[in-house]
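If you read the sequences in order, they're chains A and B.
With my numbering applied, the first sequence corresponds to residues 55 to 270, in that order.
With my numbering applied, the second sequence corresponds to residues 147 to 491, in that order.
Worth double-checking, as some hints may not be accurate.
Listing some non-contacts, in silico: residues in chain A with all C-beta distances to chain B over 12 Å [to be verified]:
(1) L62
(2) A76
(3) M110
(4) I251
Going by beta-carbon spacing under 7 Å, a handful of chain B positions derived as facing chain A [as the list claims (entries may be wrong)]:
(5) L231
(6) S241
(7) I254
(8) S284
Derived by calculation from the structure, the hints in this document are not laboratory data.
C-beta: ideal position from N, C-alpha, C; glycine also.
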Amino acid sequence: MSPLILKLILHSAWQTLEMVVASTALSVILGLPLALFMIATGPQGLYRLPFAARLMGMVVDAVRAVPFIILLVLLIPVTRFIAGTSLGTEAAIVPLSIAGIPYFARIAEMALREVDSGLVDAVRAMGGTRMTIIRSVLIAEALPGLVTGVTVTLITMVGASAMAGVIGAGGLGDLAIRYGYQRFNTTVMFGVVVVLIIMVSLMQVIGNSLARWLKH
Amino acid sequence: MNPILDIQHVTHSFGQHTALQDISFSVKQGEVVGLIGRSGAGKSTLLRCLCALERPQQGHILLDGVDLTTQPERQLVRIRRRIGLVFQHFNLLTSRTVAGNIALPLQIAGCPRREQAGRIAELLELVGLKGFEKKYPSQLSGGQKQRVGIARALAANPTLLLCDEATSALDPESTNSILNLLADINRKLGLTIVLITHEMEVVRRFAQRILVLDHGRLVEDGTLLDFLRDGQNNRTLQTLLADIRPSLPAFLGETLVSTPPQGHHRAIIRIVLSGNGASEPLFSALYEKFGVQTALLQGGVTTISERLSGDMILSFEGDRTEQALDHLKTAAQNMEILGYVPSHP
Ligand SMILES: Nc1ncnc2c1ncn2[C@@H]1O[C@H](COP(=O)(O)OP(=O)(O)O)[C@@H](O)[C@H]1O
Ligand SMILES: [Mg+2]
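Take these sequences, add in the hints, and give me the full structure.
This is the structure in structure tokens:
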């Protein structure tokens, strides 16, 4: 493998990491409140608003129903509005996050739903406010599940970012298509696959041990 | 003295199903009340009303004179801080250590951080878990988890402690130690305790008063001794009592006749004694006075509400059995002739 190819792969890996980390961070920051909203307004929730819960569920499912490659194209005007351009690595973070937010919200919702309602009762009976219940019970108890959700989202974003080459975002996926598929450079293709496997495995191992450590 | 808890005509239903119907009773400061009934009788629902987790549809619940049923949610949040609740499945936060769990009600009550550690150590000492601060609930046995649950319930100095099947998930040994702990707390702190259970054995030893709930209605209110003395109890109570009362062995029951047979026979009686009667040399007195020979078939002397009480099935044999029985009637709280069996000398 020539130093040039190696440099190309490392550069693309960096672009992929940039997209994946930034979009996962945004998905968690915005998806978690969304999940809490759906749980809290749901039928057993702390602020029962069944209509709002159902509406939010529908919006979340609608975004998730659109295949990412289509979402990428559909969102070009939105991307241009938010990022100032519709091309490049930074611009790709916009559609990746918009796909990631409802994805993580559903995973987080499941993790939050797993929390024993007896614990909510216990803290309510102690005179805990709803904010205390959300912080000390729902989020604290669901934390291992939420961490697993972050891991899954990270890995999903690695896959989705490969398609972001369509809007000139670069990254490993884009590199593999341009050199490996269009120019029959199997060395680059092979190198990209190895780097992807290492990247995903590392995410999984770190995520798993963090979740296990949090589980006591 | 005003009751600490006064429940007036509480009715509550879930949809079509009436879980509580016209419940009224009051609890005095320092009293230990056992609330007993079969599964589905409405015990937990009543308890949830008492700790303001559920608002009954009708009636009033006065805690220290404050009506919980009319308070806005904002006030209820404050009122709940004065009620300790102990759960069947402990409901400890798995994400927090033992100290963290006990600290939560202190944090909620706004106790300064400096004072928390001292209070936690004090509570752990009280429940017999000294030095367990840094352990996680997953590292504890069921009995230990419940001790943490009790420490947590006591953390914010509640005026009332409510226990919902606090020992139902525990083995007999842990059940025993948890009940001793609760009795101890009642004695030491003078804390009012309402204890829910479906097991008579749990309330036998230290509930000063027992309420029986059946299909959402309060069907009995009295002491265990009252119930044993009256004999004429509600069916639910009878089945609950059967768990802790001696019963005639089946092989004896089969040979039992209702009138004294010709020739040698023995009278089989059930007797309830309490206080002094339970500790007096009863059998030797019967022999000296009436020449009646007594045999203990079932039962014995146990502790009810921290007093000695006898609940036993005896057999009497002798020529002056009738006089002996008359004598016993005055000494015993309750005496019942179950029947007679022929004896073969
Ligand atoms: N949240 C609820 N929704 C509907 N029905 C309920 C609810 N809680 C309790 N019930 C019903 O009320 C009755 C009494 O329940 P509960 O108070 O839990 O009984 P216990 O604690 O004596 O076993 C049961 O028939 C139960 O099915
Ligand atoms: Mg119950």
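field: Violations among the numbered hints, reported as their numbers in ascending order
entry: none
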